[in-house]
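For the sequence shown, my numbering assigns the number 1275 to the initial residue and increments by one for each residue that follows.
Please note: incorrect hints may appear among the correct ones.
In silico PhoX-like links for lysine-lysine, alpha-carbon gap of 20 Å or less [unchecked claim]:
(1) Lys1400 - Lys1335
(2) Lys1424 - Lys1400
(3) Lys1400 - Lys1314
(4) Lys1335 - Lys1365
(5) Lys1302 - Lys1329
(6) Lys1314 - Lys1302
(7) Lys1400 - Lys1365
(8) Lys1368 - Lys1302
(9) Lys1368 - Lys1335
(10) Lys1335 - Lys1302
(11) Lys1329 - Lys1368
(12) Lys1368 - Lys1314
Bear in mind the hints are in silico, worked out from the structure with no lab data behind them.
What you are looking at is a predicted structure, and each value in this text was computed from that prediction instead of being measured.
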Amino acid sequence: MYNTRMIEIGVGFFVALGLAALFLLAMKVSNLSEYGDQHKGYHLFARFQNIGSLKVRSPVKMAGVTIGRVSRISLDDENYEAVVEMRIQPKYNKLPDDSIASIYTAGLLGEQYIALEAGGSPDFLKDGDEIEITQSALVLEELIGRFFMKAGDKASDPADQ
1275 MYNTRMIEIG VGFFVALGLA ALFLLAMKVS NLSEYGDQHK GYHLFARFQN
1325 IGSLKVRSPV KMAGVTIGRV SRISLDDENY EAVVEMRIQP KYNKLPDDSI
1375 ASIYTAGLLG EQYIALEAGG SPDFLKDGDE IEITQSALVL EELIGRFFMK
1425 AGDKASDPAD Q
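Kindly generate the complete structure, drawing on both the sequences and the hints.
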């Protein structure tokens, strides 16, 4: 009886450990582990014509290193542009003020993120500044549509016959 009880306690311990590991994995995958740090760092803004499927909490990367997260996305109803607010970690406080913000996709169909490319200015971005030079997301559906439209135009072009 004593041996059975120890086995049951051991199994319960490992089940609890497995559940804790699954919880930590879910937090890491969903980017919620950094949600509590939303007030640390400084905020930058950027305007884009098209953000594709960029979401709040998407990474902000520079040279492949995650330096922040997207904290808010809104629409400017005067210029009809997407305004993206990014929270940058405080240790990355020396970003040149002529940096470029682009929206990229991780892999062919992966998540979208903002990639920052440093400029050469001696002045740095401060809390609340706006990144002036941006490049919108490349939307796969638009590229496919353009390809088929061009293919259709060439097929119906009488000069080719």
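For this session: Return the numbers of the hints above that this structure violates; sort them in rising order.
Result: Checked against the structure, the hints that fail are numbers 2, 8 and 11, while the rest are satisfied.
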